[in-house]
Structure formats: structure tokens, C-alpha cells
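Chemist: Using the sequences and the accompanying hints, generate a full structural model.
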Amino acid sequence: MSALGERAPRPPAGAPPSGTKIERKLLAGVGSTLVTLTVAGGAFAGLTALTEARRSVRPSLDTEHRQSSHLAAEVVGGGTLVALVLGVLANLGIRSAALERKRYELLIQEQAARLEAQATTLREREAELARNLEEQRVLAERLRAANQQLAEHALRLASAKAAAEQALAERGLAGQALEKSHKDLDQFAYVAAHDLRGPLRGIVALSEWLEEDLAAAMTKESREHLRLLRGRVSRMEVLIEGILAYSRASRVKGKLEPIEVASMLREVLGRFGPPAAAVKVHAPEPAPPLVAERAPFRQVWMNLISNALKHGAREGAEIWLTVKDAGDAWECSVRDNGPGIAPEYHERIFRIFHTLASRDSVEGAGIGLAIVKKLVEDRGGRVWIDSGPGKGAALYFTWPKS
Amino acid sequence: MLNVLLVDDDEIDVMNVRRAFKKGNIDSPLFLAGDGLRALEVLRDGTVPRERRLVLLDLNMPRMNGVEFLHELRADPELRTTMVVVLTTSNEERDKVEVYNLNVAGYLVKPVHFNAFVDLVITVTKYWSLTELP
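Sequences listed follow chains W and P, in order.
Quick note on numbering: the first sequence equals residues 13 to 414 in this note's numbering.
Quick note on numbering: the second sequence equals residues 250 to 383 in this note's numbering.
The set of hints was computed from the structure by calculation and includes no laboratory data.
These figures come from a predicted structure and were not determined experimentally.
Note that the Cβ used here is the ideal one computed from N, Cα and C, for glycine as well.
The reader is advised that the hints may include incorrect statements.
[Unchecked claim] Interface residues of chain W toward chain P, partial, derived using beta-carbon atoms under 10 Å:
#1 VAL150
#2 GLY210
#3 GLU220
Modeler: Right under this line is the structure:
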């Protein structure tokens with residue numbers, strides 16, 4: 013801004029010289045003419061004086077004097093003439109110079125006016141420029157502020173991203189740790205169950221030998237004790253098998269494959285033999301074709317149907333099987349017309365080793381539904397029950413499509 | 250007639266086999282070894298007669314387990330053709346694959362109940378009694 017302001021406006025090239033310079037030239041001309049005239053006059057006066065002196069000193073020289081005087085007069089006359097001419101000339105010069113000067117002055121005025129106009133324009137432009145500059149400065153200021161904000165945002169974003177990445181990594185680690193601990197637990201359950209079987213087998217063998225060897229000597233009471241002992245032993249066996257089955261469930265993996273539900277369910281029902289044959293089964297019709305891991309999917313149906321057969325009605329038992337498309341999952345259910353389950357027990361039935369009936373009345377370790385829950389939830393599905401006393405029981409599960 | 254070597258460290262299992270022999274009227278002599286090392290000893294020093302040998306092998310044992318014993322046995326030129334039937338509580342797939350790779354003649358899971366165990370022992374010994382051995 014200041015650089016522009018300091019730059020003095022320059023007259024355009026080819027403009028006439030300034031007025032003072034012209035005047036000076038004219039005056040110098042006139043001056044030199046007057047000096048010449050003065051010198052000529054002086055010379056004439058000196059000559060006249062010299063002639064007078066000579067006349068007074070040497071009258072004899074009169075002729076000479078006259079001659080001189082004449083000459084002087086002539087000189088003076090000539091000089092005067094010259095001076096006159098010069099004066100006229102000078103006068104003419106001065107007059108023409110004045111004219112010239114007038115013209116120049118006009119020109120100058122014109123130029124000055126033009127310059128003034130230009131200067132005004134320039135000033136206006138300068139002011140405009142200054143305004144523009146100010147605007148630009150403000151804009152630049154705003155831009156800088158915005159930039160700074162942006163930089164801060166970027167910084168915050170970067171740190172947020174880093175935090176998110178770290179959280180993700182930590183979650184990944186936690187997930188890995190969780191998965192590992194799950195695996196460890198399954199491994200532990202497997203090993204524990206497996207190792208429990210050894211001593212159990214010993215107990216069974218010993219009790220059987222005792223019974224065999226002491227058959228004759230044993231009282232009725234002792235025989236009853238041995239019967240109870242074997243009962244507990246076989247329950248323990250069932251529990252151990254249950255743990256093994258449960259830990260195995262986490263290892264049940266299958267490839268995704270298209271499954272024809274109706275035929276799979278027919279095959280599953282066939283597995284149960286006579287008890288299933290006596291039950292009226294309503295299979296889903298038409299069964300939708302779906303893609304799932306066959307082994308665990310089949311296992312879930314197997315356990316639910318087994319449960320329905322076990323706890324369903326004694327007489328006129330019916331089982332309804334349904335499969336329906338629920339968007340991103342398949343919603344399946346197994347419903348029976350048995351005695352049903354009161355709501356307060358609904359959550360309990362999915363727990364491992366939980367069975368609501370007395371252990372002697374219904375066979376099973378209470379592991380079937382726990383395995384269903386595990387298989388379904390491991391795949392992101394959900395299990396629930398809809399039942400009430402005397403209303404039968406409907407067990408639902410969802411099986412995510414991917 | 251067979252010369253049966255039972256390699257097992259569980260006392261009750263040993264008694265189980267003994268009782269099963271008695272109950273099944275199996276007249277083959279029964280030799281015992283508590284682990285793999287002891288089994289190799291009795292096989293090499295002739296405690297167990299060299300002809301018609303059948304080894305009933307448990308897998309989980311101290312000092313030298315069943316799998317290690319099989320490795321030694323198959324590496325020994327004199328013992329490599331010995332018939333071995335695995336009799337164990339382990340139902341693990343990994344164990345089965347491992348021992349079948351070492352040329353066992355059978356893999357049997359010990360039943361929990363005695364009667365089933367007796368049936369098993371009788372069947373095995375009968376089968377091998379009928380089999381021609383080198």
C-alpha cells in the first residue's frame with residue numbers, strides 16, 4: 013500500500029519544458045542584447061571623451077578630432093541603430109516569448125488539469141486499492157483463523173483417530189483374550205470331564221464286584237444301597253457326558269451350505285424312532301430354502317425336538333415346527349402342547365444342568381437347551397420361550413443369515 | 250492260546266481284565282506291565298513268551314505312555330510285528346489317528362460297566378485266538 017502511495021505521478025513523455033525554463037532563456041537573450049548595447053554606448057562615450065581631451069591638449073589635432081568625431085558620430089549613429097534594431101528585435105523576441113509563454117502556460121495548465129484529474133483518479137484508485145487491500149487483509153485474517161481452526165480440527169481428529177485405533181486394537185486384544193479364555197474353559201471342561209470318568213469307572217467296577225461277590229451274603233438293605241450308589245454313578249456319568257457335549261458344542265463348526273429344511277427335519281425326527289412316530293408333527297410347509305452351517309443348525313433342531321418330545325403331552329402330543337424369514341435372520345420355533353412352563357422358570361431352562369422335573373422322572377442332564385443357547389448365541393442369534401402353565405411351550409430361536 | 254500282555258497302570262482296570270478273563274473262561278496267560286518301559290523289558294527279556302503275543306495297551310501311563318511305547322516297539326526289528334490293541338478311556342480323535350499311524354490292530358474304548366467290559370475282553374481275545382500270527 014505504502015509503496016504505491018509513495019510513487020509520485022510522472023508527467024507523460026514529450027510534454028513541453030517547464031515555464032520557468034522558457035522564461036529564463038528569453039531573459040538571457042534580451043539581457044545579452046542590452047549588455048551589447050551598453051558596451052557599445054560605453055565605447056562611444058569613451059571615444060568622445062578621448063577626442064575632447066586630445067582637442068584640449070592639442071588643438072592642432074582638430075582635423076584629426078573632427079575626423080574622429082565624425083567617425084565617432086558615425087559609430088554612435090551605427091551603434092544606436094544597432095541598439096535600436098536590437099531593441100526592436102528584443103522587443104519582438106520578448107513579445108513572441110510572451111506569446112510562447114502564454115501558450116506554454118495554457119499547455120501547462122492543461123497538463124496540470126490533466127495531471128490533477130489523473131492524480132484524482134489515482135487517488136481514487138489508491139483508495140479503492142486500499143479498500144480492497146483492507147478487505148483482502150480481513151479476508152486473509154479470516155482465512156488464517158479458519159486455517160488455524162481447521163488445523164486444530166485436524167489435530168483433534170488425528171488424536172481421536174489414534175484413540176479410536178488404540179481402542180480398536182485394545183478391543184481386538186480383549187476379544188482375542190476372551191476367545192482364548194473361552195477356548196481354555198472349553199479345554200478345561202473337556203479335560204476335567206474326561207479325567208473324572210476314570211475314577212468313576214473304578215467306582216462302578218468295584219460296586220459291581222461287591223454286589224457280584226457278596227450276592228449271597230447281602231441283606232436287602234445293602235442291595236438297596238448298592239442300587240442307589242449305581243444310580244448316583246450313572247447320573248454323574250450323564251453329567252460328565254453333558255459337560256463333554258457342551259464343550260464340544262463350541263467346537264461344532266460347519267461350512268455354510270444350502271439346507272432343505274423339510275428334509276433335514278424329517279431326518280432329525282427319524283432319529284427319535286418310536287416316540288416321535290407317536291407324536292403328530294407339523295413341519296413348516298413349504299419350508300424355505302436357506303443357507304446355514306448344517307451341523308450346529310441341525311443340532312439345535314435335534315435338541316429342541318428332543319426337549320419337546322420329552323416334556324410334551326403324554327397323550328395326543330403334537331409338535332409344531334416353524335421357520336420364517338425375519339429379515340436378516342431366520343426365526344424358527346418348536347412348539348408342543350405339553351404342560352408348559354411358568355414364566356418364573358423361563359430364564360432358568362437355558363442354564364446348564366438345569367431341569368425342572370425331578371431327575372428320576374425325566375431322563376437327561378438338562379444340557380440340551382444350554383447347548384441350543386450356546387450354539388445359537390455363538391452365531392449371533394437369540395433364544396427365548398413363550399409358555400405358561402397348561403399352555404404348552406414354544407421355544408424360539410433366530411439363526412442369522414450370514 | 251495267546252500270550253496277553255496288559256500294559257496299564259490302573260489297578261482297578263487290571264482287576265477288571267483279570268475278572269473278565271475268569272468270567273469269560275479265557276485260559277490265555279495274562280502278563281502285566283505298569284508302563285511302556287516295563288512292557289518293553291518283559292517283551293525283550295522273554296518274560297512274555299515270544300510266540301502268539303497280544304499287547305493290550307493303555308495310553309495314559311507314567312514314565313513311558315502308550316504312544317511312546319508304540320514308537321519304540323515299531324523301531325525294534327524284533328518287536329515290530331507285535332500285535333497291539335489299544336484299550337483306553339480316551340475317546341479323542343487325535344489319539345486314534347496317532348496310534349493307527351503306528352499300526353495298531355484295534356482301538357477300544359473301555360466301557361464303564363463291567364458286563365460290557367467282560368464282553369469286550371472276551372471278544373478281543375477270542376478273535377485273536379482264532380487269528381493266525383507269525
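Chemist: It remains to establish, for every hint, whether it holds in the given structure.
Modeler: Outcome of the hint check:
Interface restraint check: W/VAL150 against chain P, minimum CB-CB distance 79 Å, threshold 10 Å, status violated. Of the supplied interface hints, the one on W/GLY210 holds, with its beta-carbon coming within about 6 Å of a beta-carbon of chain P, less than 10 Å. Annotation: interface hint on W/GLU220 holds; nearest CB of chain P at approximately 4 Å, less than 10 Å.
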